[in-house]
Every structure is written in structure tokens, then in C-alpha cells.
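From just these sequences and the hints, can you work out the full model?
Protein chains in written order, with our numbering: chain D, 69 to 904; chain B, 223 to 464.
Honestly, the hints are just simulated from the structure, not real lab data. In this text, all values refer to a predicted model and were calculated from it rather than measured experimentally. Note that CB positions come from ideal geometry on N, CA and C, so glycine has one too. Wrong hints could be hidden among the right ones.
Reference listing, derived: stretches of chain D covered by chain B, where coverage requires no fewer than 3 residues with Cβ under 8 Å from a Cβ of chain B [claimed, not checked]:
no.	segment
1	654–667
2	680–687
To give an idea of the chain B side of the interface with chain D (calculated C-beta under 7 Å), a few residues [unchecked claim]:
no.	residue
3	N246
4	M280
5	V331
6	D433
Covered by chain B, according to a simulated footprint, are these stretches of chain D (three or more residues, beta-carbon under 8 Å) [as the list claims (entries may be wrong)]:
no.	segment
7	671–677
8	695–709
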Amino acid sequence: MDGLAAGTVERVAWGSSSSLRVRGVHKRFGRIEVLRGIDLEVSPGEILSLVGENGTGKSTIVHCIAGTCLPDRGSVELEGRSLGAADKRVAVVWQDLALCDNLSVVANLFLGDERCDGHVLDDRHMIAEAADLFAALRLTPGDFERPVRSLSGGQRQLVAIARAVRRWPDVLVLDEPTASLGVNETAVVEQLLRELRTRGTAILLVSHRLDQVFELADDIAVLRDGRILAVASPREVHPDDVVAMMSGTEAMTSARRQLHRLHSLVEQLADVEPAASLPLIVSAMAEAVDVEQLCVHLLDESDEADDDARLRCSATVGFPLGLVDGLDRLALGPSGGPPGAAAAAASTVIVEDARTDPLCASWRGNVLSHVRSVWSVPIVGAMGVLGTISGFADTPGSPVPDQLELVTLYASHAAAAIERERLLADATRRNRMLETLRGVLDKLAGPQPAEGALAVALVALCRGLGADAIALHHHGGDTGVLVTTELVELSDVASVDRQRAAAAEVLRASGRLDRARPVGLDVLAVPIGTPDGRAVLTAWWAEADRLSNDALDLFDDAARSLQLALEREALERANAEAAALRRSHRLQRDFLHRLNHELRTPLTAIQGFASTLRQTDVSWDSSAQERFLDSIATESARMGRLVGDLLDFSAIDSGTLRLVRDWCNLELVLEAARRCVGDTASPVIDLDHPAELPAVWADHDRLEQVFVNLLDNAVRHASGLTRVDVHSSIDTDNGTVTVRVADDGCGIAPSLVERVFVPRERGSSDDAGAGLGLAIARGIVVAHGGTIDIEAGRPGTIVVVTIPIDPSPLEMHDSDLTDAAPDFDIETSPMESSSD
Amino acid sequence: MTDDATLVLVVEDDANIVDLVQANLLARGFAVIVSRTGADAREVVDTKAPDVVLLDLMLPSVDGFDLCREIRERSSVGIIVVSARRGEQDKVRALNLGADDYLTKPFGVDELLARITALLRRSRPSAPPEVHPPVTFGDITVDLEAQLVTKGGATVHLTPTEFALLRELVLVPGKLLSHATLLRNVWGPGYETATEYTRVYVRRLRAKLEDPDGPTLIVTEPRAGYRMALPDDRSNETTPSR
Numbered sequence: 069m070d071g072l073a074a075g076t077v078e079r080v081a082w083g084s085s086s087s088l089r090v091r092g093v094h095k096r097f098g099r100i101e102v103l104r105g106i107d108l109e110v111s112p113g114e115i116l117s118l119v120g121e122n123g124t125g126k127s128t129i130v131h132c133i134a135g136t137c138l139p140d141r142g143s144v145e146l147e148g149r150s151l152g153a154a155d156k157r158v159a160v161v162w163q164d165l166a167l168c169d170n171l172s173v174v175a176n177l178f179l180g181d182e183r184c185d186g187h188v189l190d191d192r193h194m195i196a197e198a199a200d201l202f203a204a205l206r207l208t209p210g211d212f213e214r215p216v217r218s219l220s221g222g223q224r225q226l227v228a229i230a231r232a233v234r235r236w237p238d239v240l241v242l243d244e245p246t247a248s249l250g251v252n253e254t255a256v257v258e259q260l261l262r263e264l265r266t267r268g269t270a271i272l273l274v275s276h277r278l279d280q281v282f283e284l285a286d287d288i289a290v291l292r293d294g295r296i297l298a299v300a301s302p303r304e305v306h307p308d309d310v311v312a313m314m315s316g317t318e319a320m321t322s323a324r325r326q327l328h329r330l331h332s333l334v335e336q337l338a339d340v341e342p343a344a345s346l347p348l349i350v351s352a353m354a355e356a357v358d359v360e361q362l363c364v365h366l367l368d369e370s371d372e373a374d375d376d377a378r379l380r381c382s383a384t385v386g387f388p389l390g391l392v393d394g395l396d397r398l399a400l401g402p403s404g405g406p407p408g409a410a411a412a413a414a415s416t417v418i419v420e421d422a423r424t425d426p427l428c429a430s431w432r433g434n435v436l437s438h439v440r441s442v443w444s445v446p447i448v449g450a451m452g453v454l455g456t457i458s459g460f461a462d463t464p465g466s467p468v469p470d471q472l473e474l475v476t477l478y479a480s481h482a483a484a485a486i487e488r489e490r491l492l493a494d495a496t497r498r499n500r501m502l503e504t505l506r507g508v509l510d511k512l513a514g515p516q517p518a519e520g521a522l523a524v525a526l527v528a529l530c531r532g533l534g535a536d537a538i539a540l541h542h543h544g545g546d547t548g549v550l551v552t553t554e555l556v557e558l559s560d561v562a563s564v565d566r567q568r569a570a571a572a573e574v575l576r577a578s579g580r581l582d583r584a585r586p587v588g589l590d591v592l593a594v595p596i597g598t599p600d601g602r603a604v605l606t607a608w609w610a611e612a613d614r615l616s617n618d619a620l621d622l623f624d625d626a627a628r629s630l631q632l633a634l635e636r637e638a639l640e641r642a643n644a645e646a647a648a649l650r651r652s653h654r655l656q657r658d659f660l661h662r663l664n665h666e667l668r669t670p671l672t673a674i675q676g677f678a679s680t681l682r683q684t685d686v687s688w689d690s691s692a693q694e695r696f697l698d699s700i701a702t703e704s705a706r707m708g709r710l711v712g713d714l715l716d717f718s719a720i721d722s723g724t725l726r727l728v729r730d731w732c733n734l735e736l737v738l739e740a741a742r743r744c745v746g747d748t749a750s751p752v753i754d755l756d757h758p759a760e761l762p763a764v765w766a767d768h769d770r771l772e773q774v775f776v777n778l779l780d781n782a783v784r785h786a787s788g789l790t791r792v793d794v795h796s797s798i799d800t801d802n803g804t805v806t807v808r809v810a811d812d813g814c815g816i817a818p819s820l821v822e823r824v825f826v827p828r829e830r831g832s833s834d835d836a837g838a839g840l841g842l843a844i845a846r847g848i849v850v851a852h853g854g855t856i857d858i859e860a861g862r863p864g865t866i867v868v869v870t871i872p873i874d875p876s877p878l879e880m881h882d883s884d885l886t887d888a889a890p891d892f893d894i895e896t897s898p899m900e901s902s903s904d
Numbered sequence: 223m224t225d226d227a228t229l230v231l232v233v234e235d236d237a238n239i240v241d242l243v244q245a246n247l248l249a250r251g252f253a254v255i256v257s258r259t260g261a262d263a264r265e266v267v268d269t270k271a272p273d274v275v276l277l278d279l280m281l282p283s284v285d286g287f288d289l290c291r292e293i294r295e296r297s298s299v300g301i302i303v304v305s306a307r308r309g310e311q312d313k314v315r316a317l318n319l320g321a322d323d324y325l326t327k328p329f330g331v332d333e334l335l336a337r338i339t340a341l342l343r344r345s346r347p348s349a350p351p352e353v354h355p356p357v358t359f360g361d362i363t364v365d366l367e368a369q370l371v372t373k374g375g376a377t378v379h380l381t382p383t384e385f386a387l388l389r390e391l392v393l394v395p396g397k398l399l400s401h402a403t404l405l406r407n408v409w410g411p412g413y414e415t416a417t418e419y420t421r422v423y424v425r426r427l428r429a430k431l432e433d434p435d436g437p438t439l440i441v442t443e444p445r446a447g448y449r450m451a452l453p454d455d456r457s458n459e460t461t462p463s464r
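Structure below.
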């Protein structure tokens, strides 16, 4: 405050002014006499609060003081002299602020009283003065050049007050200054009023907020029917008395007063934290009715609770620990003691002596050792009994009637609080359910379609609705038959026929298609459009009365989500199918191109060499002729192999591959394969196997073909290859032989591993072949009831071939292995696996 | 190989086909360079300036169509594409990318030699041409003797096949030339029905010579053939009736 010397001096100058006096003011508007002789006095440095109900003339008094309204009789005086109109010693902050929104803070402060430097507005001076003013009022300065419309309500109120007190008036009148402000903003305004009071301003505060009035005012003037009924100090009167005076009703007893306050407190609390309201009511009630031991039992409505424990203790006050246990769960009815009886009968039960009353006969000793008398008041809500409030005393006797009446009042508050809580809880649960459902549906419609998500969504919906069954029926196109495609039944009762009938009824009924509607008393149905045509979603309740409007809304909501999900799913599916088809077409085309090339290239060589030899213009020497003929032979063999491969592949692909089985020696098979490949291959091919390889029931030639293909593939397609290890092992438990063909070449990219068995795909290579080798190998192995897999080696590639030693007994009695493909039946054709 | 020998670049991955082509070409006095993978084909075209490229479309690591386009972009060398694909679509695509001819597998040696010869004849007319003064069509001048075409004073680069086709048209301005005539004269006997060749090559010529708004130099006679506009010094003559 040291820096505000000028302001302080000024304050002293006007601080000595005497009081504002309102004497015998009458005012009549037409036939209504609003003010009937008002007498008020506000001294400097005093806050007089004027309270009264709406329409009692508070604002008229303000107008009379401000000089904007002339009293019919009486006078408004300052320093003993009548006030003229717009006396600058009196400043008024109106309820509607009268600020200019588009002007800045500083312009509003000086509106009509601008500082000028010559003929030019002196902004700098005005801003400095505004800053001084705000500092003197201990307000945060902020930006004075901001337009007022950008300020918050509280900031605007502060500007309005600052403007009113800028010239340090003797009297400040405020009409409901915090009516539209938040808590923090109100606090700032209140602090400002205190500041002005210490500066000696006489303040008349018109407010309807009693808490504020009692907090701020030095005196309270109660206005009723145009008269000042009383002027009292807040230290001497209770707010309830003020309210009583304002409204003209009898002042309440202190207990009622407390209840009143409690009620508003509960209201406020319940808004913020619903769960807090019940314990709050209980503890407040304990204090108000002067009962030491109180407990609240609530009726458990859920199906799980058995009748012997319907009443659940949910709040207690003042109970010793052990006693609560005995009251934790009580039966509904007389066996539940006074609370049980009160809840069952929905009326108050009083037990004057617990030791003799039959109602308390079932109570255990430790309860009775503390309790002599009991009363129980039912909590009755709109839907019936919600629970009880019970009071316990260690002396026998009846509670006083006033006490019980109060408890009944509390009970009704409690009922309201409980019902609101349950409503909120229901709404929350419903929202959560809906959220879960949406989540499931979103997943259903997501980029990765989750298998079974529709069923999960329907189960969630069924539970959320509290329904016993739910079903989705599709309209069967031309036939007009409804087909139930999804069915969730949470109870044992078969309901599908009833649901389908309801669905048919809904489909028959014309009208708005997209709304859920009840069919009879037990079914809700909503028609939805799905990509597969019209469908109906139905929900069924075993008990007709459990179907609610809430369920209808939720069902409608869910059906729409479901429809969306189905649409999106169908779209995704169609896209995926189209993509797979495109890929499949592309692969087939590429395959045909490659095959075309592979067939025509040897043909070209054959035709070319043949025609070369027949040329007459050149005579070839014998070595050249020999070479050409060799080439013709080689290329013919190559074509023969290719054609053979194609025929094999075609047989495998169409499932007509026939095996000529005999007991064959795998050792010989592998040796033959090595010779076949090893003749032309430089890498070492090493065969390693146990001493006694069992004979295998297989087609010798086909198995040899498999290993020729594998070895050939390794030797020709893997660059950087130095050796190939062929390792065989026996698995006697499973009756299989496993051959691992491992090379140390460049390996296969993991992404290609599955696809190398597809005829069109193969790693880049510079050698011929249609890429059928591995596909054929797989086909033959599968035809033998075996498996073929590729593993990544370090380095290189390992092809693992497992074939049953004798598949026939397995097929006959070993059910564990029947998933191995049986003879001649090729389950996994390469063609099919490629379109995955 | 002698300096004046005709150089053929063979881009082919199959060893036996290479042997077949190489043996036959060497026996007939051609010089041969083989590119097994196609990877070095561009470099050979740049440094060795072959007269003919025999290009297999199905190469293990290089796309034959791409290679064709790239060779055409850097050279007007005659390109014969060799492919197992017989579809007209593939043929047109190869021609569009700059191939002069398209040889389908399998082929006989006669056919191969005939195509190479025909291609070479286009780029090196064996008989010395008669005296032909340069002819002017608007801003285009065609000098058949110098084998030079200019548009607006700037030289237009034509491949031998393109030039051979233009030559056929310019020699008889205003006269209708049937597809068959053009095909026989430019590509050789046996091509008479391969109208995709003339369509593709007329389009290529138009792209290089004509304004985009519409063809005025080479006029299409639907289902018949093409007709060259009259040169400037003869445009006052009466246009022959159809």
C-alpha cells in the first residue's frame, strides 16, 4: 500500500463523510404500493445488506437512492442533505452491468469522463490511472486495452465495480453483484467489497444469497411488503430466522433448521459425488435427532440375494464394532427384527424394550447387551420401500414424537438420494454396457475381422438388456423364409420360434423400418438392413414385465451399431475377396506366362537346331552337328520333364494322383535321388541316417521324385551353396520317418516360406523350371500322409519331410493321427492354398 | 570380328538358344555379343553400337519391356523382340515401346535370319536411292537421300523402321498405300496381315512429326491404309480423287 499514497490521501478526504439516510420513502407504481415507508441508514465503512423475496421492492429502493426514480414521499439524504439526481457521491453497480462490450476495459472505466490531453484522448494517462485504481482495489490489472466482451463474467463485474468506485464515491450501492458469478469470481468481488469497506465507503448490498449476506454484512435489513421488517446483525440472528422473516413463516426449530441446511448441502454434494449423499445424511441425522447409534439398511433388489438377507446394512453411526456384524444382513419381515418388520410393513416400528419384544428375539446376545430400545423408520421412495433407518438406544423407552417425525423427514431425503444414486448407477451401467457393445461391434467391423465377434456382441447386448435371449434373423430372399442366423439364449427356455415369429410380424408390418418396437409383451424387434438383405434383430424376455423403455432405447441403439458393423464387415470382406481374386488372377497369369516361356524355350531350341541342320547355305562341321543334336536331345528331355511335371501337378491339383505303394527302402530312395542330382552338381550332398532305416510303405519312384526335386531345388536355386546335408531320423512313437534336407545356401525370406510350395512362386533364380518342383513334392508327400515344412537354417534352408512308415494301421486305429491326410486324398492342394 | 561386320546383340538367358542363334549368325558373317542377364545390355548398346538387338522379353532379373524401352530411349538401333507370348496385346506393347519387330517362340532359323535381314535393309537401303530432292510439308522437311528429317529446323530422330515407313509414304504423296503394301515394303514378305505394325508405327511417326491437334501429314483411310499429304510445292495440284 506504500505506493498508493495519493489514493490514501484522497480516501481520508472523503472518509469523513457522514451516513446515507433513507427516510420514510414511499413509492407507488399505479395501484401497487411498492415501498411503504422505508427507513435505512448506511454508515461509512459499513456494509448494510438488504434482503427480501423477489418483488418486495429492493430494486426500487436502489433506484430511489441512485436518483433514477423519485420517491412519492420521503427522502434520500447524504450528509444531511437530500441527494439530487446522479449525485457523483453515490455510485451504483446495476444488476445488468451497463458496460460497452466493444470498448476496452479502460474506455469503459472512463466512459463519459475521458481524460483528455488538449483535444486528444490521453490513453497513456487513462491506462496509468486505471492501473493505479486496480492496484488500490488490489485487483490484478490484466490488459486494460482488451475489449470488455472478451472478459469473463467475474472480470466484467470487477470492471463495473471499479468503474463505479473510480471516483471514490461516498456511497456504493450494489444490486445483486454476484448473481451470475462462479465461486472464485464471487470471492474476488467479496474481497473487493471488504476492501472498500475498510476504505470507509458506505455500502448497500442487495443480495439474495444469505450465505454471502451473513458473511459480508454488518447489518441485515429484511424487506417485506414494502417495509423494513427488521435490521439485525448477522451475529444475532440465524439465517433461518431471516428466511422466516422474509417469507413471513414461522421460524423453524433448530433441528428443522439444520435439516433445511442439510438438505441443500446434500443437494449440492449429490451433484458432485452421488455416493457421498447417503453417509452424509446419516451422520447429519445422527447429530440432528440426537441419537447415538443409527444404521441404515437398504433393500437388496438383485436376484442373487436370498430372502433371509434382503436388508443390507449400508451405513452406520456410533456402533461398536461387534454389533454391526449382527445387523449386517437382515431378513425382510419380522424375522429381520425391527428393520425387517418396518421394511416389510412400510411403516415405523418401535421396540421399547428389546429384551422382551418378540421382534428382537432372534438377536444375539451381544446385540442385546448394547441395545434396549429400537425404532425403525422405512425409507419409502417412489417405487416402494428402499430400506430402513433405525436408531438404537441403551435405555428402554420410546423416542420423542418430534424425533421420529424428523427421522421420517430424513428418510424421505434419503429415499430421494438413494433413488437418484440408483438412477445414476443404472445410467452409468447402461452407458458402460453400450460402450462395451460398441467396442465389440467396432472390433467386428475393424480391419481385422474377429472371428465370433458378432456372437460376443450379441451376448453382451443380451446381458445389457437383461433379456433372456437374442437372435438375428435373415430374410431368405425369394422364398420369404426367415432364417435365424445368430441365437444367444441365456436361459433354458427355447425362444427361437417365438422370436422368429415376432421378426416375421415386424417385417410384415409396413412403416418405419429402422425403429425398435415391442412385439407382444415379451419381444423387442428391430428390422435392420444388412448387406445380405433384410434382417431382424430380436430380444426376448421370459417375464413380460421386465421389458422397459430403457431397454427399447438401448436395443434400438445397439441395432444401429450392429447394422453399421455388419455393413462394414461385408465391405471389408468384399474388399478382401476382390483383392484375393485379383492376386489369384495375377498369379495365374504370371504362372501361365512363365509356363509358356518354359515350354517354348526348349521348343525353340529344338526347332531352331533342327532347322539349322537343314540349312543349305551353311555346311556345319561334324562337331557342330554333334553339338546341335545333343542340344536337341537335352531340350527334348527338358520338355519331357516339364510336361511330366505339369501332368503330375495337374493330377495332384485335381486329386487324382495315384501312388503305387510297396515296402521301399528309404536309403535307396535317397541314394538314387543323390545320384540323379549329384551327377551334375558340384556341391557335396551328404547322406546321414541311422543304421536301420525301416522300410516305408510308399511309392518308391514318387518319393525319389520328391527328393530329386528338393535336392535339385537346393543345388540350383540357392546361391553360395557348398553342401547339402540329408539327415534321416525315426520317430517310433508316431511311427514316422523324418528327412531333413539342409543346405548352406542363401536361404529363403521368411515371407516366402509358405509360398514356395505354390507353383507360381519361387525365389529369384536364373535357371529354368516352372517352379512346380516344390509344389509337386508337397503334393506327393501329402498324398503319402506326411508333411513337408520349410525352416530357416543358419545359414540356408532346411526342408523337413515327415512320412508315416505305415499309414494304414494309423488310419484304422489311431484317431490322434487321422488329421494326417489319408492315402490318395490331397487335402491341401497348392492351388487352394495360393488363394488364401 | 571385322569392323564392317554387322553386330548383333543377343539378350537371352537360355544357353542352348544362345548357342543356336550365335552359331547361325557367326556362320553368316555377323558379329555377336551375348548378354545373359540383360543387365549389361544398355552398356553394350552405348559402347558397341550394335546394328540389331535380339531381345528376349522373359529374363530372370530384368523386365524385358523395360529394357526395350530403355534401349530405344538411348538409341535408334533395330530391336527384334523375342517372346513366347503370342498375344497381339504383347506385340503392340513391345512395338509401342520401340521394338521394330516381334519374333514369337518357337522360331526357325530362316525366320530369324529373314527378320534380321529385313531390319537391316530398312536401316541400310541396299540399292542406292534414286535422286530425290528434299520434300517439304509445312515446317517438316524430309530428305530421303540424306536420311534426314527436320521439323521447324530441328532434326527429328527416327528409327530405321520409322524412316522406312516414312520413305514409303513420302515417295508417293497423295496416294493411298494399303496396309499390306506398307507391311510388305517395310517389314518384308510375310507381314502383310500384321496391321498392328503399321498402326503402331504410323502412331509413332505422328507423335514425332505432327501437331497434337490432329493428323494432317499422314491421313488414315479407314480399313484401307494411309495417305501422305501433298508436299508444299505440289499442293496446288488437284488432290487425286479417292
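Now for the hints, and whether the structure bears them out:
1. 654–667: Held - the segment 654–667 of chain D has 5 residues with a Cβ nearer than 8 Å to chain B, which meets the minimum of three.
2. 680–687: holds (count 4)
3. N246: holds, 6 Å
4. M280: Result: holds, 4 Å to nearest chain D Cβ.
5. V331: Nearest chain D Cβ about 4 Å off; hint holds.
6. D433: violated, 39 Å
7. 671–677: holds (count 7)
8. 695–709: holds (count 5)
Checked against the numbered hints above, the structure breaks only hint 6 and satisfies the rest.
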